[in-house]
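Chains as they are written, first to last, in full-length UniProt numbering: chain V, 1 to 334; chain G, 1 to 334.
It should be emphasised that the hints constitute simulated quantities derived from the structure, not laboratory data. There's no promise every hint is true.
Computed, partial: chain G to chain V, Cβ under 8 Å [claimed, not checked]:
| # | residue |
| --- | --- |
| 1 | F42 |
| 2 | P90 |
| 3 | V92 |
| 4 | L121 |
| 5 | N124 |
| 6 | L125 |
| 7 | P126 |
For glycine and all other residues, C-beta sits at the position ideal for the given N, C-alpha and C.
Protein chains: 2
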Amino acid sequence: MTRFVLVAGTTETARIDGISAAGADADLRVHTPSADAELIEFGHLVRAPVVPVSPTGCPTPAAVTRAVRERVGFETLVVDAGLAKPTGAPTVGVGAKPGRDVREADPVPTAPGAWVAARTLGRNLPDDELVVGETIPGGTTTALGVLRALGVDTASAGKSVVSSSLPENPLELKERVIEAAFEASDLAPGEAAYRPELAVRFVGDPVLAVVAGLTAGALESGTDVILGGGTQLLAAAALVRHAGVADPLTLASTSYVAADADLSLAADLDCETAITDPGFGTRDDALARYADGEAKEGAGMGGALLVAERAGTLDAVADGTLDIVERLTPRHGP
Amino acid sequence: MTRFVLVAGTTETARIDGISAAGADADLRVHTPSADAELIEFGHLVRAPVVPVSPTGCPTPAAVTRAVRERVGFETLVVDAGLAKPTGAPTVGVGAKPGRDVREADPVPTAPGAWVAARTLGRNLPDDELVVGETIPGGTTTALGVLRALGVDTASAGKSVVSSSLPENPLELKERVIEAAFEASDLAPGEAAYRPELAVRFVGDPVLAVVAGLTAGALESGTDVILGGGTQLLAAAALVRHAGVADPLTLASTSYVAADADLSLAADLDCETAITDPGFGTRDDALARYADGEAKEGAGMGGALLVAERAGTLDAVADGTLDIVERLTPRHGP
Numbered sequence: 001m002t003r004f005v006l007v008a009g010t011t012e013t014a015r016i017d018g019i020s021a022a023g024a025d026a027d028l029r030v031h032t033p034s035a036d037a038e039l040i041e042f043g044h045l046v047r048a049p050v051v052p053v054s055p056t057g058c059p060t061p062a063a064v065t066r067a068v069r070e071r072v073g074f075e076t077l078v079v080d081a082g083l084a085k086p087t088g089a090p091t092v093g094v095g096a097k098p099g100r101d102v103r104e105a106d107p108v109p110t111a112p113g114a115w116v117a118a119r120t121l122g123r124n125l126p127d128d129e130l131v132v133g134e135t136i137p138g139g140t141t142t143a144l145g146v147l148r149a150l151g152v153d154t155a156s157a158g159k160s161v162v163s164s165s166l167p168e169n170p171l172e173l174k175e176r177v178i179e180a181a182f183e184a185s186d187l188a189p190g191e192a193a194y195r196p197e198l199a200v201r202f203v204g205d206p207v208l209a210v211v212a213g214l215t216a217g218a219l220e221s222g223t224d225v226i227l228g229g230g231t232q233l234l235a236a237a238a239l240v241r242h243a244g245v246a247d248p249l250t251l252a253s254t255s256y257v258a259a260d261a262d263l264s265l266a267a268d269l270d271c272e273t274a275i276t277d278p279g280f281g282t283r284d285d286a287l288a289r290y291a292d293g294e295a296k297e298g299a300g301m302g303g304a305l306l307v308a309e310r311a312g313t314l315d316a317v318a319d320g321t322l323d324i325v326e327r328l329t330p331r332h333g334p
Numbered sequence: 001m002t003r004f005v006l007v008a009g010t011t012e013t014a015r016i017d018g019i020s021a022a023g024a025d026a027d028l029r030v031h032t033p034s035a036d037a038e039l040i041e042f043g044h045l046v047r048a049p050v051v052p053v054s055p056t057g058c059p060t061p062a063a064v065t066r067a068v069r070e071r072v073g074f075e076t077l078v079v080d081a082g083l084a085k086p087t088g089a090p091t092v093g094v095g096a097k098p099g100r101d102v103r104e105a106d107p108v109p110t111a112p113g114a115w116v117a118a119r120t121l122g123r124n125l126p127d128d129e130l131v132v133g134e135t136i137p138g139g140t141t142t143a144l145g146v147l148r149a150l151g152v153d154t155a156s157a158g159k160s161v162v163s164s165s166l167p168e169n170p171l172e173l174k175e176r177v178i179e180a181a182f183e184a185s186d187l188a189p190g191e192a193a194y195r196p197e198l199a200v201r202f203v204g205d206p207v208l209a210v211v212a213g214l215t216a217g218a219l220e221s222g223t224d225v226i227l228g229g230g231t232q233l234l235a236a237a238a239l240v241r242h243a244g245v246a247d248p249l250t251l252a253s254t255s256y257v258a259a260d261a262d263l264s265l266a267a268d269l270d271c272e273t274a275i276t277d278p279g280f281g282t283r284d285d286a287l288a289r290y291a292d293g294e295a296k297e298g299a300g301m302g303g304a305l306l307v308a309e310r311a312g313t314l315d316a317v318a319d320g321t322l323d324i325v326e327r328l329t330p331r332h333g334p
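Just chain V, with the same shape it has in the complex (with noise of 0.2 Å):
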C-alpha cells in the first residue's frame, strides 16, 4: 500500500523580498503550507484564510495532488515540520518549529530532534510505499544552502540544481542569503559532510531535517520511498545518503523542474529520477502557468503525478486540477 506523506513547515527565510512565489505575497505565504496540507487532506480549505496561490494567480501544485489522490484514493499523512498557521488539517508532530531566517546564527535548534523523531515515525510507519512531499515557500533557497553545507557541488553542469517557484531563478539573491547564512552560522562549506543534521539546523530548515529523517528511517524498515519534488527532495536525498543510508531511492519530479534545473546530481546520490509532464502546456487556462515555469513543482507533485502515470490516469489530472482550484474559497469562523 502506498501512502503519500505531506512534510509541512515554514522558514522565515521565505520573507526575504522576490525570493518565492509560494503564496502571493510574504505575508500570504506563511499560510501556504497550512492551506497546502488542508487542499490535499479534504480538498477544501477548512481553516487558512486564503487559497494559495502565486503573486499572479498561479495554482498551488498541492492542488494536482489533491486531483491525483481524488483518481486514486491514496492514503495521507501530513508530518508538522514547522507550520506557522493553524491547519484544519490532521497533522502528526515531530517537534518541529518553524524555521528562523537563515541569516540567522542558529535558525533551525529543533532540526536535529525533529529529525531523530521523523526517522522512528518513518520507521514504524506501516505502509510498503512512501511518496513524500514538501510545502514550505523559501524552501529553494535552504536546500541550496544544505547541498553547500554538505560539500556537494550545485552548478557541476553549467545550469544550478536549484530550481524556483519563479518563472525567473532568483540565483543571485539566493547566493547572497546563503553565503550570509553561512556567515553568520559556525559553519563552513562541505563541513556537514556526513552530519547532515548540522547543515539543516545552521543553514536549512525544518521541512528538509523532516523529509530526511523520515525517509531514513522508512528505508531502514524495508520501506521504499519515493521523494516527490525537485531541488528540495533533492537536498533531502543527499542529506539520506550523508547519513549513511544507501538503500535504493527515487526522485519524481515534474518535466517543469527537469527544463530548469540540473537534476543530474540525482545520479551522483545514487537516486533514480522519475520525470513526467502532466500536459499543462497544452492547455489555456491557469495551469499554462505552469509551462511558463511558475510553481512547477510542490506539495509531492511530481510523485503524485509519477502515482497517476502508474495507474493509468495521467490524462485526467489537468482537468481534476482546475475543478479543484475552481471550487477553492477560503473558509472563515466562526
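Put chain G on the given structure of chain V with help from the hints.
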C-alpha cells in the same frame, strides 16, 4: 462522501479504581485513545507502547472500526480532544487539554474554548456526512455527570441510560463520583440546562465538549451526522439539543450497548437510533467477550457497523477484526 471522525481524549476520572475496562490497568488506560487513533488510521500501532485491551484481554472496539474501514474505505479525521500520550496518528487540535478528575472544582477549563473551535471545524468540513465516535476511558461516568447537569432523567425506565465497558456496570461507583463532582464544582444537577458548555466544563470531559461542538457545527452547515456510540454519544446528543440545534440526528450503537442500557432517551432527544449486531456472540475467540458484555462499544464502533451494514459487508467485520487484533504489536522507538 462520508468521513469518520474520532474524537480522542482523556480524563483523570479514568484513574479511579474499577471505573473503566478501556485498558488493562489505570496506567495503561491513558494510552488507549492514542493507540485507538493509530489503529483506525494505520491498522497498526506506530507510537503507542501498548496494545489496547481490557483487563481480561478483550480487544478494543477501535479494531472493529478499522476492520470496517479496510472494507469500506472511508476517510478519517482524528480530533485531539485532550490526548495525554503521544500518538502517531495525525490529529487536528481544538485547544482541548486532558480533563482532570471530575471530583475537582473545575476539571475541564478548556471545554468551552474547545467547543467553539470544534463547532467552527464542524461547520467548515466539506463532507456530506460525518460518523462521529469517541475514545476516552472513564467517559461513561462523565457522560452521567453531563446528563445530570443538563437535567436529563438518567433512569427513566428502571434501567440506567449509562452503559459500561465492564460486564458488571459499576453504577453505584459512578453515582458516588458524580455526586462528589457536583459537590466540588459550583454547579447543581439541572443547572446547566441550555448551557451545555457549563455541563462539560464542571462535571464532564473534553471529548464530550468536542463531539457536541463538532456535531452542532456540522448540522448547522447542512452536514448529516451519525453519532457512533452508546451512552457518551447520547450525552453528546443531549448537549447538542441543549445548544439549540434541532436538526435530525442518528445514534448508531451496538446490540451490546442496547442490551445493557436504556437508549429510549434518544427518542426524547429527537434522535433516531440504529442498532447493529456484528454477531460476535456466535464466536469462540476473543470477540465473544463482547457478547459477554465487555467493551460493548467505543471508538465509533456502532457507527462503523452501520456503515458496514449499508455497504453490505457486515458479515466480514468479525473476521476482519480478528485479523487486525492478531497482527497488533506495540511499536518502540528508536
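Results of checking the hints against the structure:
no.: 1; hint: F42; in the structure: holds (5 Å)
no.: 2; hint: P90; in the structure: holds (4 Å)
no.: 3; hint: V92; in the structure: holds (5 Å)
no.: 4; hint: L121; in the structure: holds (6 Å)
no.: 5; hint: N124; in the structure: holds (4 Å)
no.: 6; hint: L125; in the structure: holds (6 Å)
no.: 7; hint: P126; in the structure: holds (4 Å)
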